[in-house]
Amino acid sequence: MTKKRYEKPIILKQHSGMMNKFGSTQTFRPITKIDDVEIDSLTEKFGSPLFVFSEKQIREKYRKLNKIFKTRYPKVRFAWSYKTNYLSAICSIYHQEGSWAEVVSEFEYDKARDLGVKGENIIFNGPFKSESALEKAIREKALIHIDHFDELYSIMEITEKIDLTANVAIRVNMDTGIYPPWNRFGFNYENGEAMLALKRIIHDERLELKGLHTHIGTYIMSAEPYRQATLKLVDLAKEIYDNYNVRLEYIDLGGGFPSNNTLKGQYLEAEQLLPTYEDYADAITSALFELNLPSDELPVLTLETGRALIDDSGYLITSVFATKRLSTGKQALIMDAGVNYLFTSYWFNHKVVPTKEISGFTENTIVYGPLCMNIDVIRDDVVLPVMHKGDKLVVLYVGAYSVTQWMQFISLRPNVVLITEEGDVELIRAAETNENITEQERLPEKLSDFTLTD
Amino acid sequence: MSEYKISDNLAVSESGFLFMANSGESFTVNETGRFIINNLKENKSEEEILSLLTNEFDIDIDTAQRDFDEFLTLLRNLKLVEEL
Ligand SMILES: Cc1ncc(COP(=O)(O)O)c(C=O)c1O
Numbered sequence: 001m002t003k004k005r006y007e008k009p010i011i012l013k014q015h016s017g018m019m020n021k022f023g024s025t026q027t028f029r030p031i032t033k034i035d036d037v038e039i040d041s042l043t044e045k046f047g048s049p050l051f052v053f054s055e056k057q058i059r060e061k062y063r064k065l066n067k068i069f070k071t072r073y074p075k076v077r078f079a080w081s082y083k084t085n086y087l088s089a090i091c092s093i094y095h096q097e098g099s100w101a102e103v104v105s106e107f108e109y110d111k112a113r114d115l116g117v118k119g120e121n122i123i124f125n126g127p128f129k130s131e132s133a134l135e136k137a138i139r140e141k142a143l144i145h146i147d148h149f150d151e152l153y154s155i156m157e158i159t160e161k162i163d164l165t166a167n168v169a170i171r172v173n174m175d176t177g178i179y180p181p182w183n184r185f186g187f188n189y190e191n192g193e194a195m196l197a198l199k200r201i202i203h204d205e206r207l208e209l210k211g212l213h214t215h216i217g218t219y220i221m222s223a224e225p226y227r228q229a230t231l232k233l234v235d236l237a238k239e240i241y242d243n244y245n246v247r248l249e250y251i252d253l254g255g256g257f258p259s260n261n262t263l264k265g266q267y268l269e270a271e272q273l274l275p276t277y278e279d280y281a282d283a284i285t286s287a288l289f290e291l292n293l294p295s296d297e298l299p300v301l302t303l304e305t306g307r308a309l310i311d312d313s314g315y316l317i318t319s320v321f322a323t324k325r326l327s328t329g330k331q332a333l334i335m336d337a338g339v340n341y342l343f344t345s346y347w348f349n350h351k352v353v354p355t356k357e358i359s360g361f362t363e364n365t366i367v368y369g370p371l372c373m374n375i376d377v378i379r380d381d382v383v384l385p386v387m388h389k390g391d392k393l394v395v396l397y398v399g400a401y402s403v404t405q406w407m408q409f410i411s412l413r414p415n416v417v418l419i420t421e422e423g424d425v426e427l428i429r430a431a432e433t434n435e436n437i438t439e440q441e442r443l444p445e446k447l448s449d450f451t452l453t454d
Numbered sequence: 001m002s003e004y005k006i007s008d009n010l011a012v013s014e015s016g017f018l019f020m021a022n023s024g025e026s027f028t029v030n031e032t033g034r035f036i037i038n039n040l041k042e043n044k045s046e047e048e049i050l051s052l053l054t055n056e057f058d059i060d061i062d063t064a065q066r067d068f069d070e071f072l073t074l075l076r077n078l079k080l081v082e083e084l
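Protein chains in written order, with my numbering: chain D, 1 to 454; chain V, 1 to 84.
For the record, the hints were derived by calculation from the structure and aren't laboratory data. This one's a predicted model, so the numbers in the text were calculated from it and none came from an experiment. Virtual Cβ for every residue (Gly too), placed ideally from N, Cα, C. Certain hints may be false.
Stated by the list, open to error - Only pairs whose alpha carbons sit at most 30 Å apart, straight line, appear in this in silico DSSO-like list of lysine-lysine:
no. : chain 1 : residue 1 : chain 2 : residue 2
1   : D       : K83       : D       : K70
2   : V       : K79       : D       : K389
3   : V       : K5        : D       : K111
4   : D       : K56       : D       : K356
5   : V       : K41       : D       : K330
6   : D       : K4        : D       : K356
Said to hold, decoys possible - Calculated from the model, a selection of chain V residues having no Cβ within reach of chain D, i.e. all distances over 12 Å:
no. : residue
7   : K5
8   : A21
9   : N22
10  : T32
11  : K44
12  : S45
13  : E47
14  : E48
Generate coordinates for the entire structure from the input sequences, incorporating the hints supplied.
Put into structure tokens, the structure is as follows:
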């Protein structure tokens with residue numbers, strides 16, 4: 001006699017107006033495959049937890065966004081924001097698509113150079129560029145986006161010392177209607193600081209003013225701030241042309257478009273709430289046309305889009321290590337991945353879905369990570385089926401800021417794989433070993449042995 | 001004899017809906033849960049129920065025992081069962 005399929009016994013109280021069993025407040029469809037590769041086969045070979053990226057999805061998303069802008073504006077350039085995800089394989093996909101590199105530290109700068117990006121195709125952003133990094137960037141003709149006056153003076157000194165010119169732009173901050181405004185980076189537009197910095201640059205013969213830059217924030221949920229920002233940069237561009245006869249090569253609107261992730265406290269899911277990429281593109285490009293220049297004299301529109309390009313193409317597979325009932329009766333899961341690998345779960349209600357069809361019975365569940373810390377919660381309330389030890393969940397949209405902001409805390413970081421366009425699965429970052437961590441440590445001689453108490 | 005007693009006021013439907021006549025509360029239960037409740041109502045002992053469960057469903061006795069304990073905690077939380 002074949003036995004019936006077992007599911008852990010469960011009982012849920014019905015709250016009036018809310019059906020638990022049929023049509024719960026959130027719905028999910030299990031994900032059994034990523035790009036035609038079975039999730040079970042991935043964890044069999046590479047273990048759990050496991051980060052998975054899809055080359056196909058990365059390229060498709062890039063081409064889609066690129067097309068949306070190119071069909072609206074004649075000159076568009078993307079620069080891959082390294083901090084969003086600087087795994088070599090990921091950066092190289094974007095570089096193969098033609099993207100330049102956008103870096104914010106010497107570490108990232110060197111990484112781009114090691115991958116084969118020429119200095120002249122690197123945008124060097126950020127408030128903290130060391131003198132040595134600046135000198136290297138000047139020598140290699142990188143585009144240095146100046147953040148503050150001290151940096152401007154350093155660049156003037158270095159160019160004089162080594163008798164070379166530097167390619168520069170300034171980062172501008174402005175009121176775009178976003179609250180709180182990001183005014184800590186760059187030179188302010190409204191109070192005239194940006195114009196002052198531009199004047200200094202224009203009057204220094206060793207500084208070559210190439211463009212204007214802004215990055216108004218991240219996960220910007222409306223297109224209007226981009227229009228405002230672009231109009232203000234256009235205004236500056238007109239002013240420097242009118243007063244100094246300087247034409248800019250590019251205007252850089254930074255990153256900041258949202259992904260499919262849903263912010264904490266946001267009731268509707270992202271898909272239902274956000275403008276389309278076309279809306280953002282319309283806002284930016286229509287404002288650029290206010291320059292009133294013939295097509296061939298328009299500046300290049302540079303975009304440093306990070307999150308919107310990569311987030312949806314990254315997955316984290318994680319397994320149920322234990323299940324628990326809280327004293328309230330709520331299902332609790334202890335997973336093998338937590339906030340140590342998903343720093344982003346502080347901001348987002350990451351979408352988590354099961355990996356196999358289970359009965360229609362669902363319940364509100366809290367999803368914990370493995371750390372001995374109260375804050376280690378992936379989702380504090382998500383509708384899931386009855387889960388058993390060993391079952392898997394996939395956390396969706398974790399391509400951005402995950403594998404750069406993850407922590408080596410309490411445990412080692414897991415494998416990262418790429419499913420290639422051909423359907424092969426390539427390891428792109430091997431799981432860490434104890435040696436990886438301890439090889440950086442030095443144990444003073446006097447601490448090298450000990451006797452423990454009985 | 002069962003060590004636990006399911007409230008007499010609890011009505012169980014075929015589809016897995018439960019209704020507490022005295023409080024007006026309703027519950028949903030899955031197939032294995034309904035199986036356990038029905039057997040508890042018939043005053044079967046824990047041992048008997050576990051043996052029936054492992055005969056009927058594809059599950060080992062240790063897991064069944066663990067899940068049974070957890071299920072009883074849920075029933076207790078919901079005040080659907082009394083210990084005898
Ligand atoms: C200067 C700059 N450019 C681009 C980005 C990428 O932003 P996003 O991932 O929101 O597109 C950032 C992120 O903080 C940034 O600081």
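Requested in this report: Mind checking the alpha carbons of V:K5 and D:K111 for me, to see if they're no more than 30 Å apart?
Outcome: Given pair V:K5, D:K111 is violated - Cα atoms ~68 Å apart, limit 30 Å.
Query raised in the report: Has the given pair, V:K41 with D:K330, been kept, meaning a C-alpha gap of at most 30 Å?
Result: holds, 24 Å
**Report entry** Separation of V:K5 from chain D, once the least beta-carbon distance is taken, above 12 Å
**Finding:** holds, 16 Å
Requested in this report: Find the nearest Cβ of chain D to the Cβ of V:K44 and say whether that gap is larger than 12 Å.
Outcome: Given that every Cβ of chain D is farther than 12 Å from that of V:K44, nearest at about 14 Å, it holds.
Query raised in the report: Within a Cα-Cα threshold of 30 Å, do D:K56 and D:K356 meet the stated pairing?
Result: Holds, at about 23 Å.
Query raised in the report: Are all beta-carbon distances from V:T32 to chain D longer than 12 Å?
Result: violated, 4 Å
Requested in this report: Find the nearest Cβ of chain D to the Cβ of V:E47 and say whether that gap is larger than 12 Å.
Outcome: Non-interface label stands for V:E47: nearest chain D Cβ at 16 Å, farther than 12 Å.
Query - Assertion that V:N22 lies outside the chain D interface [Cβ separation over 12 Å] - result: holds, 15 Å
Query raised in the report: Was V:E48 rightly flagged as not at the interface, with every chain D Cβ beyond 12 Å?
Result: holds, 16 Å
Query raised in the report: Can the restraint linking V:K79 and D:K389 be considered satisfied, given a maximum Cα separation of 30 Å?
Result: The hint holds at about 27 Å.
Query raised in the report: Hey, does V:S45 actually stay past 12 Å from chain D on C-beta?
Result: Holds, since 17 Å exceeds 12 Å.
**Report entry** No chain D beta carbon within 12 Å of V:A21's
**Finding:** At about 15 Å from chain D, V:A21 clears the 12 Å cut-off, so the statement holds.
Hints 3, 10, counting from the list given before, are not met by this structure.
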